[in-house]
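With these hints in hand, go ahead and build the complete structure from the sequences.
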Amino acid sequence: MADGTPTNFSSEVEGKTLTKADFVESVYSRIGGLSRRDSAEIVDMLFEAIKETLSRGEAVKISGFGNFVVRDKKARVGRNPQTGRDIEISARRVLTFKPSQVLKDQLNG
Amino acid sequence: MNKSELVEKLAERAKITKKRAELVVNLVFDQMAQALKRGERIEIRGFGSFTSKAYEAYTGRNPRTGETIHVPAKRLPFFKVGKELKERVDYPQVARTNGAGGAPIDGDDDDDDDLGDEDEDGDDTAD
Numbered sequence: 001m002a003d004g005t006p007t008n009f010s011s012e013v014e015g016k017t018l019t020k021a022d023f024v025e026s027v028y029s030r031i032g033g034l035s036r037r038d039s040a041e042i043v044d045m046l047f048e049a050i051k052e053t054l055s056r057g058e059a060v061k062i063s064g065f066g067n068f069v070v071r072d073k074k075a076r077v078g079r080n081p082q083t084g085r086d087i088e089i090s091a092r093r094v095l096t097f098k099p100s101q102v103l104k105d106q107l108n109g
Numbered sequence: 110m111n112k113s114e115l116v117e118k119l120a121e122r123a124k125i126t127k128k129r130a131e132l133v134v135n136l137v138f139d140q141m142a143q144a145l146k147r148g149e150r151i152e153i154r155g156f157g158s159f160t161s162k163a164y165e166a167y168t169g170r171n172p173r174t175g176e177t178i179h180v181p182a183k184r185l186p187f188f189k190v191g192k193e194l195k196e197r198v199d200y201p202q203v204a205r206t207n208g209a210g211g212a213p214i215d216g217d218d219d220d221d222d223d224l225g226d227e228d229e230d231g232d233d234t235a236d
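Protein chains in written order, with my numbering: chain A, 1 to 109; chain B, 110 to 236.
Worth flagging that the hints you see were computed from the coordinates, not collected in a lab.
Keep in mind that a hint or two might mislead.
What the hints assert, rightly or not - To be clear about the criterion: a stretch of chain A counts as covered by chain B if any three or more of its residues have a C-beta under 8 Å from a C-beta of chain B, and this derived list gives those stretches: (1) 23–37; (2) 40–46; (3) 58–67; (4) 97–104.
Said to hold, decoys possible - The calculated DSS-like cross-link candidates involving lysine-lysine, where the alpha carbons are at most 25 Å apart (straight line), are: (5) 128(B) - 118(B); (6) 195(B) - 73(A); (7) 127(B) - 16(A); (8) 73(A) - 124(B); (9) 98(A) - 195(B); (10) 124(B) - 61(A); (11) 98(A) - 118(B); (12) 98(A) - 124(B); (13) 98(A) - 192(B); (14) 20(A) - 127(B); (15) 112(B) - 98(A).
Stated by the list, open to error - Here are the simulated distance ranges between beta carbons: (16) 165(B) - 86(A): 34 to 42 Å; (17) 177(B) - 84(A): 18 to 26 Å; (18) 16(A) - 178(B): 28 to 36 Å; (19) 168(B) - 17(A): 33 to 41 Å; (20) 19(A) - 165(B): 51 to 59 Å; (21) 173(B) - 37(A): 25 to 33 Å.
Ideal placement from N, C-alpha and C gives every residue a C-beta, glycine not left out.
Quick look at the structure:
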């Protein structure tokens, strides 16, 4: 599905990285009556709730942002590129993120 | 789970009103979208990271009709799952052999059925 060539990894260009501390700061400053510590706990609880749901294999759908979906991968035979030997890649569950159209439009707006 | 279910869960756990929980959820995801829009990276420890990649415009072809189409430059978001969450989502590692010797994995081998539970503290009350 990846069409075209990625020309730059913005992270390397811009350098800035958003972290949980930034979320805590905006929750603290935008929602009244919470201490910084309360804000930090709430932000942690938010991500923990998402992680728990995903760990059960259930999808988390955030409208306007995207869907986090757990997918079942069947076991398959792969090859060790170093030795050229066939190896069995066991069945697994992986997490995928599908951005919503709204988010994609925002990035290109 | 959709956004309103997430809001309810957060309200319940953090003991805040649904209105406030909704504000928190919106604030966090809006902030993420804004950061990606500015071309910034997002890193949430224990969860994962988001980046956006810029793609150049190119002229493609519809393989079915052979028609030439112009694909404009665009920026797309990507998510890479963090180690902790990756392991929590996957099946228990104990089931995996992959040619490694028989080295036991850490201490906890009693947990291959705890995926659905949030917390198990009453485990040893056998009677």
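**OP:** Identify every previously stated hint that the structure contradicts and give their numbers, smallest first.
**Re:** 7, 8, 12, 17, 20 and 21
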